[in-house]
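A.B. asks: Line by line, the protein sequences give chains C and B.
Under this note's numbering, the first residue of the first sequence carries the number 1, and numbering increases by one thereafter.
Under this note's numbering, the first residue of the second sequence carries the number 1, and numbering increases by one thereafter.
None of these hints come from the bench; they were simulated from the model.
Just so you know, these numbers come straight off a predicted model, no measurement behind them.
For each residue, glycine too, the CB sits at the ideal point set by N, CA and C.
Don't take each hint at face value.
Quick list of in silico lysine to any residue cross-link-like pairs, SDA-like style, CA-CA up to 20 Å [said to hold, decoys possible]:
{"#": "1", "chain 1": "B", "residue 1": "LYS66", "chain 2": "B", "residue 2": "LEU94"}
{"#": "2", "chain 1": "C", "residue 1": "LYS81", "chain 2": "B", "residue 2": "ALA105"}
{"#": "3", "chain 1": "C", "residue 1": "LYS81", "chain 2": "B", "residue 2": "ALA133"}
{"#": "4", "chain 1": "C", "residue 1": "LYS81", "chain 2": "C", "residue 2": "VAL50"}
{"#": "5", "chain 1": "C", "residue 1": "LYS81", "chain 2": "B", "residue 2": "PRO23"}
{"#": "6", "chain 1": "C", "residue 1": "LYS81", "chain 2": "B", "residue 2": "VAL14"}
{"#": "7", "chain 1": "C", "residue 1": "LYS81", "chain 2": "C", "residue 2": "ARG27"}
{"#": "8", "chain 1": "C", "residue 1": "LYS81", "chain 2": "B", "residue 2": "LEU22"}
{"#": "9", "chain 1": "B", "residue 1": "LYS66", "chain 2": "B", "residue 2": "ALA133"}
{"#": "10", "chain 1": "C", "residue 1": "LYS81", "chain 2": "B", "residue 2": "ARG13"}
Reference excerpt, derived from the structure (chain B facing chain C, CB under 10 Å, subset only) [stated by the list, open to error]:
{"#": "11", "residue": "SER26"}
{"#": "12", "residue": "ALA29"}
{"#": "13", "residue": "GLU40"}
{"#": "14", "residue": "ASP88"}
Here is how the chains run, residue by residue.
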Amino acid sequence: MGLIAREIERAGIPTVTISVVREASVRTPAPRNVFVPFRLGQVFGEPGAVAQQRAVLIDALGALLRLSTPGEILDLPYRWKRTVYRDPLGPA
Amino acid sequence: MAPVGGLERSWHRVLAVLYGRLPLLSARAARAWTSEESTEIPWSPARIQLREASVALVTSAGVHLKHDQRFDMENPEGDASFRAIPGDTALRDLMITHDYYDHRAADRDVNCVFPLERLRELAGARMIGRVAARFIGTMGHILGAQERRLVTETAPGIARLLVADGVDYVIAAPG
């Protein structure tokens with residue numbers, strides 16, 4: 001994913017890349033990296049978990065403006081089902 | 001008896017479930033992985049407010065339109081091609097072809113890996129300007145000659161398409 005993100009970034013479009021394997025972001029960093037400790041195959045959250053999916057997506061968008069160093073990793077504080085996700089758009 | 005290719009694909013799916021459940025396996029694989037990428041990390045400053053921006057999703061989760069050609073699961077080096085996915089695609093028109101991660105959750109709700117509906121909701125709430133005209137689907141697990149193809153051909157092709165569509169920001173995510 002990082003290789004594609006780098007090419008898009010090189011073409012002039014800012015990118016943010018989400019990862020659930022922090023080691024991969026460390027070894028082959030994309031321009032902007034967001035790490036979320038979720039499972040492979042459920043990077044944005046569980047099926048139907050709208051607030052959880054929105055939270056990850058909105059944090060990734062925020063990282064576009066927040067991260068300022070190439071290769072930087074933002075660690076999201078979520079703990080899968082143990083986090084209560086406050087929905088930024090209100091009840092789904 | 002199942003053909004050899006079928007057995008191999010079944011084994012890949014078993015591994016995919018294991019990797020999904022045991023994060024240490026993925027971390028070990030990431031440490032062992034070497035690629036051709038250079039050490040220089042390109043950077044384009046973010047200059048546009050989100051509420052004015054066109055945002056595209058790029059996924060390596062093997063998402064594509066049902067009527068598009070499936071990703072090649074027979075080549076052990078993967079399939080470095082990409083599929084364009086219109087931003088207004090109905091979820092029922094999407095499917096996933098990818099044997100190297102457990103996509104049963106995403107088969108039920110593709111937003112788990114490709115949050116198309118969530119992005120549309122953000123556009124509706126004016127948190128972003130708009131959903132891009134086209135998104136991009138690829139499959140991860142790209143090795144050897146396919147990785148070279150990804151770097152020299154596919155990734156520049158994806159970048160050209162997104163630039164042509166006037167995309168301001170990209171969210172890239174794996175399966």
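A.B. asks: If a hint holds in the structure, say so; if it doesn't, say that too.
C.D. replies: These are the hints, each one checked on the structure:
Restraint check for LYS66(B) and LEU94(B): the C-alpha separation of about 5 Å stays at or below 20 Å, so the hint holds. Between LYS81(C) and ALA105(B) the alpha-carbon distance is near 15 Å, which keeps this suggested pair within the 20 Å criterion. Of the supplied pair hints, the one linking LYS81(C) and ALA133(B) is violated, its CA atoms being roughly 33 Å apart against a limit of 20 Å. Between the alpha carbons of LYS81(C) and VAL50(C) the distance comes to roughly 13 Å, so the proposed pair stays at or under 20 Å and holds.
A C-alpha spacing of about 17 Å is found between LYS81(C) and PRO23(B), which places the hinted pair at or below 20 Å, so the restraint holds. Straight-line distance between C-alpha atoms of LYS81(C) and VAL14(B) comes to about 25 Å, which puts the hinted pair past the 20 Å bound. Restraint check for LYS81(C) and ARG27(C): not satisfied, since their Cα atoms lie roughly 28 Å apart, outside the 20 Å limit. Between LYS81(C) and LEU22(B), the direct Cα distance comes to roughly 17 Å. Compliance with the 20 Å bound is thereby established for this hinted pair.
With a C-alpha separation of about 18 Å, the suggested pair LYS66(B) and ALA133(B) falls inside the 20 Å cut-off, and the hint holds. With a C-alpha separation of about 25 Å, the suggested pairing of LYS81(C) with ARG13(B) is violated against the 20 Å cut-off. Interface hint status for SER26(B): upheld, as the beta-carbon distance to the closest one in chain C is roughly 4 Å, under 10 Å. For ALA29(B), the interface hint holds, since its Cβ comes within 10 Å of a Cβ in chain C; the closest pair sits about 8 Å apart.
A least Cβ separation of about 9 Å between GLU40(B) and chain C falls short of the 10 Å threshold, and the interface hint therefore holds. The interface hint given for ASP88(B) is violated, since its Cβ lies 18 Å from the closest Cβ of chain C, which is over the 10 Å cut-off.
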